[in-house]
Structures are given as structure tokens and as C-alpha cells.
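Engineer: These are the residues of each chain, in order.
Protein chains: 2
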Amino acid sequence: MMTLIVNLLITAALTSSYVDPFIGTAGMGHTFPGACVPFGAIQLSPDTDTIPHNVGGKYQKRVYDHCAGYRYEDPTIVGFSHRHLSGTGHSDLGDILLMPVPTPRGGDPALSPGTADRPEKGYRSRYTHETESASPGYYAVDLTDYGIRAELTATARVGVHRYSFPEGDPGTVVLDLGHGIYNYDGKVRWTTLRVENDTLLTGFRLTDGWSRTNYTYFAISFSKPIRRYGSEDRKQPAYKGFWRRFDTRHDFPDMAGADLAAWFSFEGEGPLTVKVSISAVDAAGAVRNLRAEGDGTFDEIAREARRKWTEELSRFRSEGTEAQLTMFYTSLYHTMINPSVYMDVDGQYRGIDGNIHRAEGFTNYTVFSLWDTYRAEHPLLGLFHPDRNADMIRSMVEHWKQNAVGMLPVWSLMGSEGWCMSGYHAVPVLADAIVKGTCPNPEEALEAMVATSKVAVYEGLGDYMDKGYVPYDKSTTAASTTLEYAYDDWTVAAAARKLGRAEIAQEYERRALNYRNVFDPATGYARPRYGDGSFKDPFSIDQTFGEGFIEGNSRNFSFHVPQDVPGLIEVMGGEKVFLERLEALFQSDLDPVYYADNEDIEKECLIGGYVHGNEPSHHVPYLFAWTGKPWLTQYWVREIMNRMYRSGIDGLGGNDDCGQMSAWYIFSALGFYPVCPGTDRYILGAPYLPRILVTLPNGKTLEIRAPGVSDRNRYVKDFRINGIPVERLYVTQDEVLAGGVWEFVMTDRPARRRTLEKP
Amino acid sequence: MMTLIVNLLITAALTSSYVDPFIGTAGMGHTFPGACVPFGAIQLSPDTDTIPHNVGGKYQKRVYDHCAGYRYEDPTIVGFSHRHLSGTGHSDLGDILLMPVPTPRGGDPALSPGTADRPEKGYRSRYTHETESASPGYYAVDLTDYGIRAELTATARVGVHRYSFPEGDPGTVVLDLGHGIYNYDGKVRWTTLRVENDTLLTGFRLTDGWSRTNYTYFAISFSKPIRRYGSEDRKQPAYKGFWRRFDTRHDFPDMAGADLAAWFSFEGEGPLTVKVSISAVDAAGAVRNLRAEGDGTFDEIAREARRKWTEELSRFRSEGTEAQLTMFYTSLYHTMINPSVYMDVDGQYRGIDGNIHRAEGFTNYTVFSLWDTYRAEHPLLGLFHPDRNADMIRSMVEHWKQNAVGMLPVWSLMGSEGWCMSGYHAVPVLADAIVKGTCPNPEEALEAMVATSKVAVYEGLGDYMDKGYVPYDKSTTAASTTLEYAYDDWTVAAAARKLGRAEIAQEYERRALNYRNVFDPATGYARPRYGDGSFKDPFSIDQTFGEGFIEGNSRNFSFHVPQDVPGLIEVMGGEKVFLERLEALFQSDLDPVYYADNEDIEKECLIGGYVHGNEPSHHVPYLFAWTGKPWLTQYWVREIMNRMYRSGIDGLGGNDDCGQMSAWYIFSALGFYPVCPGTDRYILGAPYLPRILVTLPNGKTLEIRAPGVSDRNRYVKDFRINGIPVERLYVTQDEVLAGGVWEFVMTDRPARRRTLEKP
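Read top to bottom, the protein sequences are chains B and W.
Take 2 as the starting number for the first sequence in our numbering and just add one per residue.
Take 2 as the starting number for the second sequence in our numbering and just add one per residue.
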């Protein structure tokens with residue numbers, strides 16, 4: 002039997018070949034094409050422009066497109082920098098940019114980046130997509146202005162560059178410490194740069210970006226000796242005595258500045274290999290990281306990076322068309338970029354208290370985009386990478402201990418709290434792991450969850466605790482935030498139940514019902530209320546901005562009660578109304594007036610009024626399971642997969658959001674989805690591919706078969722686990738982890754089957 | 002006999018009483034009146050203005066006056082900050098300013114400092130000198146606008162404030178993290194501030210001042226709980242999501258900004274005691290420092306600070322008039338402020354490589370104003386505090402190991418190299434200790450000295466090694482720098498001889514003769530030369546600026562050959578010319594045209610053309626020992642002591658320069674001076690006081706007697722050590738350390754004595 006499967010499924014070694022890192026680099030995806038290893042600290046990738054976040058205090062709209070540093074449509078490459086966020090809608094990083102340039106025949110190379118339309122004015126270069134390639138752990142491009150081939154690869158903490166210069170030129174490299182993503186005048190607060198010897202640099206950069214206080218130390222080693230070098234602080238400090246003692250512009254090994262760029266010319270034959278490590282602790286930490294991980298040739302490191310990806314990707318071996326497999330493995334790849342390691346090889350890391358901590362017995366992570374990732378990314382990691390997810394949870398609990406505000410992370414970013422989006426969604430991540438038995442120190446985790454949910458100064462939370470809802474006079478997102486708090490609270494209750502803490506469970510079961518306080522009984526839609534109890538009036542269920550919601554209007558966001566769908570059905574006015582509204586959501590077009598000014602929604606990202614690019618919708622197509630038409634989940638989920646995840650550079654129907662969009666895709670492709678993290682249940686849809694063989698973390702295998710599945714045969718007629726019919730619309734964590742063979746019998750029409758058990 | 006001495010000399014306990022920290026706080030001294038312990042990391046002192054270093058790129062002259070933060074003539078106090086340099090002519094620091102203010106009845110207190118003429122516009126206050134007092138380890142003042150009494154004391158790493166608010170007001174404190182000395186827009190690169198609990202703050206400040214990359218972490222504890230608080234970043238960063246989640250202006254415990262000020266209002270009865278510790282390592286280090294040293298009440302800590310001072314000061318017990326004792330003990334006090342401890346209680350400190358190091362078996366120090374202090378301050382410390390001086394040397398050697406430029410410190414300041422002034426004068430400090438047998442790891446020290454002297458990129462040093470002088474076309478201070486290098490080189494030779502390294506000794510004895518290359522044979526004065534060998538023409542021996550010298554014209558600086566006075570006499574044209582020039586230096590007035598634009602010379606700081614406020618002159622009055630009129634040393638040294646060190650707030654005739662001016666005074670008061678550190682000899686002058694009893698570090702005592710000494714009886718007729726006549730014009734290190742009784746017989750006219758042995 003196994004032999005047969007192997008023949009039908011792609012081989013493990015081939016899984017990496019189906020990853021296309023360019024998917025999402027145009028359009029809405031905000032992904033980057035560069036090199037990294039799974040969950041690595043380094044994301045080494047080309048940056049194709051230098052759009053400042055604002056000019057003279059005025060926000061520059063185009064900066065949003067450049068969240069990941071790279072835009073496929075840009076004509077030039079500015080250079081290669083070492084840290085990137087994957088798929089965010091707000092951004093930062095782009096740290097430690099290197100750019101190879103020809104060695105000037107006389108004088109110094111340009112230290113300004115130049116402009117996209119006049120690249121010759123600076124160090125940037127044109128490039129062509131014909132010469133460009135990207136695969137897991139590898140990126141390459143020709144810099145056509147210079148005739149230089151640039152290749153990138155990475156370990157967890159080291160970015161590796163190989164620059165092949167034209168014959169006869171030993172090469173020059175520009176290091177721009179003022180470069181950054183979402184840069185603004187002042188984001189780079191200070192940098193230092195030391196030439197330790199003729200093949201080693203160290204340095205420091207302190208930035209105040211989205212990560213408000215971001216310490217980035219680095220070490221850079223070169224495979225060939227430096228012949229001469231120079232630098233310029235393009236924002237010359239007001240007074241310094243150094244100039245009197247030195248020519249600080251040339252061969253001065255102790256550089257610093259607020260906008261420092263340097264260049265290094267080399268001697269010797271052959272390509273130049275540059276290895277760059279980072280540390281948030283100190284330069285000595287960066288050197289240790291470099292020594293621990295920087296051994297080996299470029300090719301060896303690239304092979305190891307690909308091996309690591311293949312090891313992770315080949316846990317899933319699938320059958321499908323070229324395009325389907327590409328989308329499947331690229332999505333899987335995108336679920337394993339963020340969160341990212343944030344710790345030196347010796348276990349030291351910088352906490353959000355600014356102090357140096359040592360991670361005892363775990364790996365510390367950062368980049369927790371929790372408003373997004375609590376939904377599917379963390380459940381996916383918890384299911385298939387439970388140890389890694391447990392370390393992420395430990396990282397969150399340590400963040401809580403270090404946090405002056407006393408909260409688990411909201412948006413953790415490089416030793417800082419970014420406070421982006423709403424809710425306290427680390428709580429459902431911890432709760433989900435507690436309920437599923439994979440949370441380390443669950444009692445402490447519960448303590449952190451309870452403490453987090455009681456920080457009265459956090460957005461309207463004091464009022465929420467007093468009144469049962471966030472008043473609209475206190476928060477512009479009062480209605481959606483109330484829905485989010487209520488769900489988060491329900492997960493506290495679920496975790497407390499699991500841990501036998503009945504008193505806490507009861508308290509939070511009560512709080513979980515707070516969602517009802519923002520439902521307008523007159524309409525059955527969520528609607529913001531003022532502190533005096535009155536509902537906002539006038540009010541539009543189609544408008545997002547100004548109507549008390551965030552990234553979703555009331556028509557979408559009112560479905561955000563995953564913890565109590567029967568209750569939601571009741572407040573909406575019964576199952577009939579509920580189903581009508583669900584159906585209408587997908588079928589009735591949203592008037593463009595409601596999204597014309599919205600940078601993260603475009604026409605092609607809509608399915609009726611359903612906006613998949615905004616996460617509050619992600620569980621909604623699965624809510625048909627609570628209605629008399631459960632097959633509509635099968636219909637619409639496949640529709641979303643086909644339309645929002647196209648296998649092209651602009652194929653993603655929204656920001657990938659640190660893997661959340663991709664995790665939704667993977668779950669949906671497998672045929673089940675965690676509608677309510679904090680339960681051990683997954684709601685069933687239908688498999689997208691005819692066969693997937695999953696190696697589970699416990700060593701068992703789960704084979705999911707849906708022979709003949711297609712856009713036509715998208716409906717499930719029958720579902721059996723190891724041959725035994727399953728008369729439910731959900732499966733449990735235990736059932737997934739038990740492995741075996743799941744057989745879905747597909748059909749081309751809605752299959753009423755016997756009456757199935759609702760979730 | 003001893004009993005009698007005790008009766009005549011002041012008691013040990015009284016020594017502290019003679020210290021007047023206000024001396025030098027007006028005029029040229031640039032001292033501060035605040036609280037510190039000997040060599041402590043904290044110098045907690047009032048700052049009386051906020052003169053920016055520059056406005057719109059234009060240097061503000063008045064900032065020079067405010068090097069120490071405090072000017073006696075200023076009418077207001079801005080607040081109390083924790084680090085100050087003692088007596089420098091360039092400045093920095095003023096870190097972590099606190100100011101007690103009345104608790105507003107409604108609203109928030111002002112977070113701008115206001116101005117000197119309109120203090121009511123900000124948080125600063127008027128004060129009067131009548132209510133002000135300062136003594137070793139203690140400072141107090143009434144803030145008259147507020148009716149608040151402020152008192153300050155300190156441990157090595159903790160500044161302690163006691164604020165007595167008017168009846169009924171529990172008090173408010175402003176913390177201004179944007180405040181600084183030699184401040185400019187951008188000096189404060191970033192600050193963070195956390196409210197850890199209702200009595201503890203921690204934070205971080207990164208500054209780019211004279212100390213180019215200065216990490217200052219701090220911890221602040223309050224004796225009463227915070228009731229409410231607020232903050233403002235007066236330079237609001239461009240974008241932040243925080244505002245959406247919080248009222249970040251009030252009770253938000255995780256503050257940050259580039260120009261952050263905060264206020265804290267307290268509850269509870271009685272005075273508020275505030276304890277502030279600093280660390281360059283991290284906030285956790287600051288908390289450890291606070292816990293290790295911050296125990297005790299304000300009064301207990303103040304008593305302990307005074308006890309520490311008395312312990313140090315009472316090594317010298319003197320007899321003299323009130324004014325003489327005041328000047329003696331105040332000078333002694335000023336020799337023990339800088340260098341300052343730069344290390345946490347656990348031995349961790351930040352190196353100039355930016356990394357965290359642990360000082361193994363020594364205390365790490367910073368603030369090495371070596372161009373000044375190699376002359377007398379380090380010889381004084383080496384003689385009377387050899388263990389401390391040895392630790393300072395270890396600190397310098399570690400600095401060398403960490404320095405990308407490969408040099409011992411030039412001007413070490415808070416984990417940075419300030420590159421102020423010229424030469425490589427750590428070398429004579431190490432050499433002096435090697436020659437005197439007090440240098441730790443002398444072989445390694447010699448290695449550091451040799452390496453330092455060969456850094457070709459350092460100011461003209463490559464040319465100096467090639468041509469034997471620094472060419473004027475390469476350095477504006479080419480002549481004086483050549484003289485300095487040559488002297489420093491001689492000390493390398495002396496140290497190498499001592500260590501039996503004949504080859505190095507020979508090499509550096511040759512280099513030491515380089516001084517001759519900048520002496521113009523036509524005039525016998527030092528004069529800058531171009532790279533082609535020609536002398537600068539025209540050239541003025543009276544002008545400093547633009548004529549190849551620094552802080553001294555050729556008339557003064559030509560005497561800077563302490564390593565080879567006989568050789569100098571020869572190049573000057575023989576002893577007659579040499580003596581004439583020495584005499585003329587003190588007797589012929591310098592035309593004001595030569596110092597009118599010079600911020601560090603005023604008319605009253607001149608004795609003829611001799612400028613004591615500029616250190617290149619310090620050994621000059623002792624050079625009469627090499628002539629037929631050695632008594633002129635006795636005459637002019639006492640003249641300098643009387644005129645340049647007056648016991649008043651404006652009594653110092655120049656910047657105290659981290660103790661160098663004061664160390665000159667102490668040596669001169671004892672009757673001998675280290676004209677050439679790197680030898681074991683001190684040139685004799687005459688004691689200033691009739692009796693001084695010195696407790697030597699080896700436990701022996703040295704009693705120096707000069708009965709009847711006075712301005713009239715300023716000449717030495719006879720000198721005996723333990724009754725044995727000394728027929729020399731110098732004493733040796735061994736003779737000093739042997740202790741016993743030195744008896745000077747004084748007379749009112751130049752005493753030719755028998756022919757004395759020249760040095």
C-alpha cells in the first residue's frame with residue numbers, strides 16, 4: 002500500500018521545488034523573495050526601493066506596498082538587507098543593507114542609493130527578472146548596471162552573500178546603515194561600525210521604528226581581505242573632535258553616525274562571500290553567532306538551507322496539478338517564516354524590558370502578529386510543530402513577565418511591543434495549547450492570560466470590565482474590540498476549565514457573553530455603543546472606518562463569535578436569518594464606496610461582501626456547519642482558495658500576515674479548520690487535493706484522500722476515518738493525531754448526506 | 002614628638018571641613034559643587050542652565066562656561082543631574098536630571114525647563130546662595146520659587162536626593178531625560194523609561210555627545226509611592242500605534258522618546274528620598290547597583306560619603322591658615338573626582354567596543370583626560386593611591402585591547418574614545434608606573450605602549466615615524482604634537498630599559514630625539530615644519546592658533562622637552578639663553594592680541610607670558626633647577642599658587658582639568674614635582690605650608706616641615722632628610738616612600754646654598 006502512495010505523491014525531495022517565493026511579491030501579498038531558513042532570525046532579501054514612511058510628517062502611501070522591501074514591478078535593486086517581515090500590512094526592519102558595486106578606478110564609490118529612475122546617481126542597480134531566481138533558502142539576480150551576479154542564502158542567524166564581480170575587479174561593497182523599511186528621518190537613531198581586522202566588521206544600530214527600541218548588533222565577515230575602505234555620516238553630527246586627529250572618511254576603523262554608509266574594496270581573486278550575523282545582545286553575540294553558524298562555503302550553506310526547508314515541507318506529501326502543488330508548498334513555506342528566532346546561539350536575547358535574558362530550556366521567538374495568527378497559524382504550528390509552538394508560548398510568557406504594562410504580547414517585534422491591532426490574542430494561543438495539552442507551564446500561562454485580560458488602561462478594557470463592552474466614546478473600534486475581548490475571555494474560561502480552575506472559568510464564561518452587549522437587538526448586527534448605553538446612530542453595517550470596527554464592517558465582523566455560534570444565531574434572529582446573512586455575505590457585492598479609500602482592499606480581493614484579506618472573515622465560510630447547508634462551506638472555501646490564492650506573483654488576495662493567510666490555506670486544503678481555537682475541534686470542509694500524506698509530529702502518518710476532487714467535484718458525499726463513517730461536521734485534535742486514512746468521497750452536487758452532527 | 006605634631010596639625014576628622022566645593026564654580030575652574038564620593042561613578046550636582054552646544058550649527062560660546070553644569074552666577078537651578086566632569090574645557094554628561102516641583106492642584110506640571118529670566122515658564126526655580134551649602138558628599142539648597150529644600154548625597158554608583166516639600170504637599174518630581182550638558186539637538190539619541198512598580202523606575206538613554214556612543218541605563222527608587230504620573234516626548238516620533246491603545250501621556254508605564262520628560266506625583270507624609278543608580282550595561286545592572294549601594298537613610302549615606310572623603314583627605318594632615326588649608330584640602334578633593342569608576346557592582350562594564358566585559362580582579366575606570374593628567378594627577382595617584390592607579394592602568398590596557406584603532410586611551414569617556422587633545426599620553430602614565438614598579442602586567446603594558454606609538458593613521462604619526470616630525474601640512478598642531486610624541490617616546494624607552502628590553506629602548510631613545518627636528522636652529526624655538534622640511538614662514542612665537550601649537554605658543558611650548566632638558570638647553574642656544582627665556586616668560590607681559598579670542602585664557606590667568614591654566618606650562622617653573630638660579634622655582638611656584646589658586650568661587654586660574662591643576666598644587670605644596678613622569682625623580686621646589694604629615698600607602702609617614710615658610714620666607718636655605726643634608730635639586734620615589742622627616746629651612750632671600758646637584 003505504501004509503495005503505491007509513494008508513486009502517486011511527489012517525493013519528499015521535490016517538495017522544495019514547488020515553492021515559489023515570488024508569489025505575493027506583487028499585488029497584496031507583501032511577501033519577500035529572499036533567502037531564509039524555517040523560522041530563522043535572518044530573512045536576507047533584496048530591497049527594491051527606499052520609500053520613506055513619511056516626508057515632512059506626511060504619510061507616503063507607496064510605503065505600504067513596500068512592507069517586505071521588494072516589489073516585483075520595481076526596476077532597480079537598492080541592495081540586500083537582512084531582516085524582513087513576511088506579509089505584514091505595517092512594517093519595519095530592512096536592517097544592514099549590502100550592495101556590491103564595481104570598484105571605482107579612482108575616488109570613492111557613491112554612498113547614496115540613487116533613485117529608481119536615475120539609478121546611476123547612486124549605488125543601486127537595474128536588474129531583470131530573467132536573471133532572477135528564488136527557491137527555499139536561495140535567491141540570485143544579475144545586477145545589470147554592473148555585470149555583478151548576486152546570490153543569497155542563510156542560516157538561522159547568518160545571511161550569506163556571494164558576489165561575482167566582472168573579470169579583473171576584486172569588488173567593492175557598500176554597507177548602508179541608514180537604509181530601512183518604513184524608514185523616516187530619525188528611525189535610525191544611531192549606528193556604530195568597527196573594522197576589527199581586514200576580514201571582519203562589527204557594529205550596532207538602534208532604530209525607533211515599529212519596533213520602538215530595536216537593538217541590532219551585527220558582525221560581517223568577508224572571504225577576501227579589505228584593501229581600502231571609507232565611510233560617511235550623511236547626517237554629520239554637530240561637533241566631534243575626531244576630524245582633527247584622523248581622516249575619518251578613509252581607513253578609520255571606528256565609525257559611527259546617525260546616517261552612516263561605508264564602502265569596502267577588496268583584493269584577491271574569485272567571488273566575494275560575505276557572511277552577516279545579527280544579535281540583539283551585543284556585537285560579541287553577533288560574532289559568536291557568526292562563528293557558530295557561519296562555517297562552510299556558500300554552496301554548502303545553501304544546500305543546508307534547502308535541506309532544512311525540505312525536511313519541514315516534506316512532512317506533507319501531496320498529489321495535485323503543478324499549480325496546486327506550487328500553491329500548497331508555497332503556502333506551507335509562508336507559514337514557516339514568522340515567528341522568527343530572536344536569540345543568540347548561547348541562549349541570550351534582549352527582553353522587552355531592554356535587559357539581556359537567557360532563555361533556559363527554550364528558543365526565544367519574536368514577530369507575533371497575534372491578531373492574525375491566533376486564528377490558524379498558531380493552531381497549525383501547535384498541531385504540526387508542537388515543540389516550536391510551545392517555545393513560542395514560553396517566549397510570550399517571558400514577554401509578559403518583562404512587560405511593564407503587564408500584558409502578554411499584542412504584536413511582538415524585535416524586543417519591543419508594537420501594540421498593533423486590537424484584543425489580547427496571545428490569550429487564545431495559550432488557551433488553545435492548554436486545551437490541547439501542549440502548553441508548557443499551563444498554570445503560569447493561565448496566570449498570564451488572566452493578568453493580561455485585566456489591564457484596565459489597555460484600550461477600553463477598564464470600561465469593558467465595568468460595563469460589559471468597550472464604549473464607542475473611548476475607542477474608535479469599540480464594537481469589534483468588544484467582540485474580540487469576549488472571544489479571548491471565552492478561551493480563558495476554556496483553559497481554566499481544563500486546568501480545573503472552576504472559579505476562573507465561571508468568571509470568564511460570564512465575560513465571554515459580553516459580545517451580546519454590542520448586538521443591536523433591533524437589527525441583530527453588532528453595533529458600537531456609547532458609554533451611556535445608546536447605540537451609535539446613524540450607523541452603517543457596510544462601512545468599516547468610523548463605525549466602530551477594524552478591518553471588517555459589521556456585516557463581516559458580526560460573525561466573530563466563534564465561541565458561541567448557537568448564541569450568535571439567537572442574537573441574530575435565528576438560524577434562518579443567520580443563514581441568509583451568511584449566504585448574502587458571499588453573494589451580494591459590496592458597494593465600492595465602502596473600500597475605495599482602504600489601502601488593504603481591492604476589488605479583486607472581494608467575494609461579494611466577503612473580504613478574505615482581512616482576518617476577521619477567516620472562520621466565516623466554516624460557519625455554514627451550524628446551518629442546514631453545511632455544503633456551502635465546501636463550496637465557498639474552494640472558491641476562496643481558487644480566487645484569493647492564485648499561483649502568481651500577484652496571486653495573494655491580501656497580506657499574508659506572517660503566515661495566517663497561508664495557514665488558512667493549508668488547513669482548508671487538508672479539509673478542516675480551527676474555527677474556534679481554544680476548543681479541540683476542527684470544522685470540516687473538503688480536501689482541496691486528491692491526496693495528502695502527513696507525517697505527524699508523533700511519528701504517525703495521516704493520509705487524507707479525496708479521489709476525484711475538483712472544482713466540479715467539490716462536495717463531500719461521505720467521510721470515513723479508517724473506514725468508519727464519520728457522522729459529524731467536525732473532527733477532534735485526537736482524531737488528527739491518531740493518524741490513519743481519512744477518505745472523503747467527493748461529488749459534484751451539494752450532498753445532504755444523513756443529518757450530520759453540528760459542531 | 003608625635004603628640005606634639007598632632008596638636009599642631011589639624012585633626013583627621015577636620016580635613017573634610019576645609020573642602021569648599023564652590024571653589025572654581027565661577028571663573029575658569031569649571032568645577033561643580035555637588036555630591037560624590039572619591040572616584041565615584043556618580044557626581045550628583047545642580048545644573049543652572051541649559052545652554053545648547055550649538056544653535057542651527059553655530060557654536061554657543063557660553064556653553065564653555067557651563068562645562069560642569071553649574072555656574073555660581075546663574076540665578077536659577079534647572080535640576081539635579083547625576084554625572085559631571087570636574088574642571089574640563091570641553092564637556093558632556095548631565096545625565097538623568099531630576100527636579101522637585103510643587104504638585105499642581107489640577108493638570109500636569111510643566112515639562113519644559115523654562116528660561117533663566119522667566120523660570121516660572123518651566124520647572125526650574127530660583128535659588129539663593131544664602132541657603133546653599135556644599136561639603137564633601139553633600140549639597141543642599143532651597144528652591145525659593147517652590148519653598149522646597151533639596152539635599153544631595155551619593156555612593157559610588159547611587160545618587161541620593163532628599164526633597165522636603167512644603168507642608169501638605171506630598172511632592173512631585175520632574176525627570177527630564179532630554180537634559181544634558183553640551184547638549185545639542187540630537188545629542189540625546191533615544192531614551193526609554195519604565196515604571197516597574199509604584200516606587201521603582203528603570204530606563205535607558207543613548208547619547209552622542211563628546212562620548213560618542215554613551216549607553217546610560219538607570220534605576221530610580223522613591224521612598225514614597227507614586228500616586229500618578231505622566232510624560233511627554235517633546236520631539237514626537239513620526240508614527241506610533243500606541244496612542245490608539247492607550248493614553249500614553251498618563252499612567253502609561255512603558256515610555257520612550259528622543260526628548261522625553263516625565264513627572265511623578267507622590268503620596269504619603271514626610272520628605273521624599275530618591276535614589277538613582279546608573280549602569281552602562283543594562284537596567285538590570287542599574288537595579289543591582291541600587292540594591293548593593295542604596296541601603297540606608299539619606300543621613301546615613303551622607304555620613305558614609307563624608308567618612309570616605311575624610312579617610313582619603315586625612316592621609317594629609319597640614320598646618321596653615323584657614324585659606325591655605327581650604328585651598329590645600331579643596332585641591333586634594335579635586336584630585337579625587339576623576340577618573341571615575343565605570344563598572345557595575347558585579348564587575349561588568351561596557352567596553353569601547355560596545356561589548357559587555359567583566360573586569361577580572363580590578364576596578365574599571367573612565368574619564369582619562371590624559372593630555373592633562375599624565376603630568377601630575379597620575380603621578381600623584383601613583384604615589385599616594387598606587388593600587389587605584391594600577392587599576393586605572395588596567396582599565397587603559399583593556400581599552401587598548403578593545404580599541405579598533407589599536408591605541409591606548411587618548412581621552413576616555415564613558416565607554417567611548419573622545420580623541421581630545423594630542424599625543425598618546427597614556428604611554429607616560431604606564432611608563433611612569435613601570436619605572437616606579439607599580440604597573441600591573443608591565444610586559445603587556447609595554448606592548449600596548451609600543452602599539453599605540455605606531456598607529457600611522459593617528460594624527461601625523463605615520464609622517465612622524467617617516468620624517469621625524471609631524472608636518473605642518475598634515476596637522477595644525479604639528480610642532481607641539483611632535484614635541485609631545487617625542488616625550489611620550491622617551492617614556493617608552495625608559496619603560497623598556499626598566500624591563501630589560503634594550504632593543505625597544507634604543508629604538509625609542511632615537512624617536513625621543515625627534516623634538517630636535519622642530520626646533521628652528523636660527524631661533525632656538527620650536528616651529529612647525531612642512532613636509533618638505535621648510536619651516537613655517539612667517540611665524541610668531543607668541544601666537545597659538547594657526548602657528549602649529551595647541552594650548553600654548555612656541556614661547557611656552559618650546560620648553561616641553563622634560564625628557565632631555567640638557568639637550569633642550571643646547572638647542573635653545575645654551576644655558577644663558579635658556580635662563581633668559583625662562584625668566585622672560587614670567588616677566589614679560591603677553592600682548593592681549595594673542596589671547597583675546599581664546600576662551601580658556603583671561604588676563605588674570607597670566608603671569609607675564611606664562612599661562613598656568615594651560616598644562617604645557619606646568620613643569621616650566623621647575624626648569625630653573627637646570628639653571629644657575631634654582632631659587633626662581635621657589636619664587637615662581639609660590640607666585641603661581643598664590644595667584645592661580647585663590648580660595649574663592651572664582652579662584653582657579655584655569656580649568657581644573659580632571660584634577661591636573663589641583664595635583665600640581667598638591668605636589669607644589671609638598672615641595673616637589675614630577676617634571677618628567679617616566680623617571681623616578683621629583684624636582685624640588687619649596688613647601689607651601691609649615692608642616693604636612695603624610696600617611697603613605699605603605700603605612701609609613703612622611704613629615705614635611707618648613708617652619709616659618711611664608712610669601713616672604715619662600716626660599717630654601719637648607720634641606721635635610723632625617724637630619725641628613727640633601728645636596729640635590731631632586732628627590733626620588735624611594736626617598737618619598739621611605740618616609741621620615743624632611744626639614745626645609747626657609748629664608749627670605751634667594752639662597753645660593755652650596756652648589757647643588759642638578760636633576
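Mixed in with the good hints, there may be bad ones.
Intra- or inter-copy, both count: the list cannot distinguish identical chains.
[As the list claims (entries may be wrong)] Heads up, simulated DMTMM-like pairs for lysine to aspartate or glutamate below, C-alpha to C-alpha not over 20 Å straight-line:
id, residue 1, residue 2
1, Lys236, Asp260
2, Lys630, Glu605
3, Lys718, Asp347
4, Lys537, Asp146
5, Lys718, Asp296
6, Lys62, Glu74
7, Lys402, Asp252
8, Lys236, Asp521
9, Lys499, Asp719
10, Lys604, Glu320
11, Lys236, Glu581
12, Lys402, Glu197
13, Lys537, Asp464
Note that these hints are calculated values from the structure, not bench results.
The model shown is predicted, which means the values in this text are computed figures rather than measured ones.
Engineer: Look at each hint and say if it fits the structure.
Structural biologist: Status of each hint after checking the structure:
| no. | hint | in the structure |
| --- | --- | --- |
| 1 | Lys236 <-> Asp260 | both (5 Å within a copy, 19 Å between copies) |
| 2 | Lys630 <-> Glu605 | neither (26 Å within a copy, 100 Å between copies) |
| 3 | Lys718 <-> Asp347 | neither (54 Å within a copy, 70 Å between copies) |
| 4 | Lys537 <-> Asp146 | neither (58 Å within a copy, 50 Å between copies) |
| 5 | Lys718 <-> Asp296 | neither (55 Å within a copy, 76 Å between copies) |
| 6 | Lys62 <-> Glu74 | within (16 Å within a copy, 54 Å between copies) |
| 7 | Lys402 <-> Asp252 | between (45 Å within a copy, 19 Å between copies) |
| 8 | Lys236 <-> Asp521 | neither (56 Å within a copy, 43 Å between copies) |
| 9 | Lys499 <-> Asp719 | neither (33 Å within a copy, 96 Å between copies) |
| 10 | Lys604 <-> Glu320 | neither (32 Å within a copy, 94 Å between copies) |
| 11 | Lys236 <-> Glu581 | neither (61 Å within a copy, 52 Å between copies) |
| 12 | Lys402 <-> Glu197 | between (37 Å within a copy, 11 Å between copies) |
| 13 | Lys537 <-> Asp464 | within (17 Å within a copy, 80 Å between copies) |
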